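There are 2 protein chains.
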Amino acid sequence: MWDRFLRACRREPVDATPVWFMRQAGRYMPEYRKIRERFTLLEICKQPELATEVTLQPVLAHGVDAAILFADILLPLEPMGAPFEFVAGEGPRIFEPVRDRKGVERLRVIDPEEDLAYVMQAIRGIRRELDGKTPLIGFAGAPFTLASYLIEGGKSSQFIKTKSLMYGEPELWGQLMTKLSEVTRLYLLAQVAAGAQALQVFDSWVGQLSAADYREFIQPYLKPVFDALKQTKVPVIHFGTDTSTLLEIQKETGGDVIGADWRIPLDVVRRRLGSDVAIQGNLDPHLLNAPRERLHAGVRAVLREAGSAPGHIFNLGHGIMPHTPPAAVKEVTELVHEWTAH
Amino acid sequence: MWDRFLRACRREPVDATPVWFMRQAGRYMPEYRKIRERFTLLEICKQPELATEVTLQPVLAHGVDAAILFADILLPLEPMGAPFEFVAGEGPRIFEPVRDRKGVERLRVIDPEEDLAYVMQAIRGIRRELDGKTPLIGFAGAPFTLASYLIEGGKSSQFIKTKSLMYGEPELWGQLMTKLSEVTRLYLLAQVAAGAQALQVFDSWVGQLSAADYREFIQPYLKPVFDALKQTKVPVIHFGTDTSTLLEIQKETGGDVIGADWRIPLDVVRRRLGSDVAIQGNLDPHLLNAPRERLHAGVRAVLREAGSAPGHIFNLGHGIMPHTPPAAVKEVTELVHEWTAH
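First to last, the protein sequences are chains A and B. Under our numbering, the residue at position 255 of the first sequence is numbered 255, and the numbers go up by one with no gaps. Under our numbering, the residue at position 274 of the second sequence is numbered 274, and the numbers go up by one with no gaps.
FYI, nobody ran anything at the bench for these hints, they're computed from the structure. Any given hint could turn out to be false.
Keeping only pairs whose Cα atoms sit at most 35 angstroms apart, straight-line, the calculated DSBU-like set for lysine-lysine is [as the list claims (entries may be wrong)]: (1) A:Lys34 to B:Lys155; (2) A:Lys155 to B:Lys155; (3) B:Lys161 to A:Lys155.
Computed beta-carbon distance windows for the label pairs [to be verified]: (4) A:Arg292 to B:Glu90: 33 to 43 angstroms; (5) B:Glu90 to A:Val268: 32 to 42 angstroms; (6) A:Glu90 to B:Arg101: 27 to 37 angstroms; (7) B:Arg300 to A:Asp100: 28 to 38 angstroms; (8) B:Arg101 to A:Glu12: 48 to 58 angstroms; (9) A:Pro170 to B:Asp276: 37 to 47 angstroms; (10) B:Glu96 to A:Asp15: 45 to 55 angstroms; (11) A:Val268 to B:Arg304: 18 to 28 angstroms; (12) A:Pro291 to B:Lys102: 14 to 24 angstroms; (13) B:Gly81 to A:Arg292: 28 to 38 angstroms; (14) B:Arg101 to A:Arg33: 24 to 34 angstroms.
Remember, it's a predicted structure, so these values are computed and weren't measured experimentally. All residues carry an ideal CB built from backbone N, CA and C; glycine is no exception.
So here's chain A without its partners, still in its complex pose (with noise of 0.2 angstroms):
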């Protein structure tokens, strides 16, 4: 069934249990390896028919049941006017990380159909090359994670300088957010107007705040962007680690389906967010490099705990790590696939 991912995402009844990746194209794939050989990341991202074909690198390899657009939650920010690279073995690094009025105010809206034009055209090569037979998520980060990266410069654990801006000067606070907001969501309108048929919205760090800090400061520049995906009619997927104690006010700004990291059981999030919306996760990434034994035992537990009921789609808690045997990847989409078959 070519639309079991998008069935199940609408929370419609499915022959079987769909199943992506996230990062499931990337470093732990040798045919991917292979073209990082000659291009760096970036490079990837911009070159419209390279990014067609490492996306389509695990649909035809592992047979799962979305592709994912090969892009870079970060890829706005270069032309908003904060270019970044990425530094191997570190991450992504920020020329010029933002943390005063003046950096706030040099970042401009972007127009996504010009300043991202590539992004589109790999979203229509994509669309081309699947020819219908697998859906196409688009993907963006959300205003928070993305404003972290700019004020920190890079990866963060402790997220000081951010939550110094957020508390400390909450007006620049909320003109930055509101910039990030505006791009995020001309972004994925953009890319449904180029044919992403799904998108999912990734709020990676907003687990490192209170619920009280969510509701004050991520969640009046984040619904305005699921509200105006609603028009669309493509499904939404909201995703953030470490959001147990979150996943209410979640839900209440918006989404089709609510993506859970490993740490709160499947069943759990059911019984917390109600039948009115879809599930999406959550295996322990690390899993993935556990012998077989374990690994299916941990298949199974997601299934049992996502339960009967329609609107789970498979997926790790997080993105799958470099070191990940491949035929792991192929093998969990097949068993989840035979397991839940009706």
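Let chain A serve as the given structure and place chain B on it in line with the hints.
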């Protein structure tokens, strides 16, 4: 009331809510930085007069209701056979990480009275100086948190090698955790014998695990530690971060007080854990750097959520950060006392 902290641990009525801060002695204090100009962190830990002086600094400066031994959770690793150093800006580095059977077998179960005699001397010295006016908390890292440092070789964000050993070689994991459990137990018992009047078990990183993994890989080794401490009659605080999916199983594992980070409102903690355990926490440490009004609102929220039932110890949700103004720490201590006095 000198024993307000100990009384709160036992859920007895108090004249005001007791306050102490994780990492209340440390880099944010000018008095401490002055000593660090001449001595490394490990040198301070190993010279009882210096450890005593540093332990007393926040008691004298801020009037907190408990002193906590100045030490590092990794100290037992050196006599166990896994020496380490602290690298500026990076954290601890274990010279020879433990990743295989040989590594685990090489680790010895220490005799803390002898192998960590300097800690016991510091405890005796601090007790003398405190002279019954303020109680002293001893502490240790929990087996999982120690194991993660041993296996990763330092700080980690994803715990890839730790989970790989845990899932991949559960028997070897059990051997390692058994040794660490034994060491933690002996070390804490020795601290009580030397004069510690309360204990905190830091399982700082255990929130990386699902509850199912906690039950299989953590509890069998951690519960014996808490069980053994019962005989001492000394109250024990069980602390971790990111534990909102683990609270109940942590309580089941042991401790008179459960510590929570800022992500879980304390009224939720109370509701989930019931009234037969005390709670500690949980101001976001970043708020100590926030404007006054916001800091005050944060403190008020913690007190409101903690409610009026006995058994709340005010603390942060994690350690004080290096750039914290000491005046804010003193102010929070005084505000909590003032706002809860009766």
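Here is what the structure says about each hint:
1. A:Lys34 to B:Lys155: Given pair A:Lys34, B:Lys155 holds - Cα atoms ~31 angstroms apart, limit 35 angstroms.
2. A:Lys155 to B:Lys155: Within the cut-off at roughly 15 angstroms; holds.
3. B:Lys161 to A:Lys155: holds, 20 angstroms
4. A:Arg292 to B:Glu90: 33 to 43 angstroms: holds, 36 angstroms
5. B:Glu90 to A:Val268: 32 to 42 angstroms: With a Cβ separation near 37 angstroms, B:Glu90 and A:Val268 satisfy 32 to 42 angstroms, so the hint holds.
6. A:Glu90 to B:Arg101: 27 to 37 angstroms: holds, 33 angstroms
7. B:Arg300 to A:Asp100: 28 to 38 angstroms: holds, 29 angstroms
8. B:Arg101 to A:Glu12: 48 to 58 angstroms: At roughly 51 angstroms between Cβ atoms, A:Glu12 and B:Arg101 fall inside 48 to 58 angstroms, so the hint holds.
9. A:Pro170 to B:Asp276: 37 to 47 angstroms: At 40 angstroms between Cβs, range holds.
10. B:Glu96 to A:Asp15: 45 to 55 angstroms: Check passed, 53 angstroms falls within 45 to 55 angstroms.
11. A:Val268 to B:Arg304: 18 to 28 angstroms: Between A:Val268 and B:Arg304, where Cβ atoms are some 26 angstroms apart, the hint holds.
12. A:Pro291 to B:Lys102: 14 to 24 angstroms: holds, 21 angstroms
13. B:Gly81 to A:Arg292: 28 to 38 angstroms: Because 34 angstroms falls inside the window, the suggested range holds.
14. B:Arg101 to A:Arg33: 24 to 34 angstroms: holds, 31 angstroms
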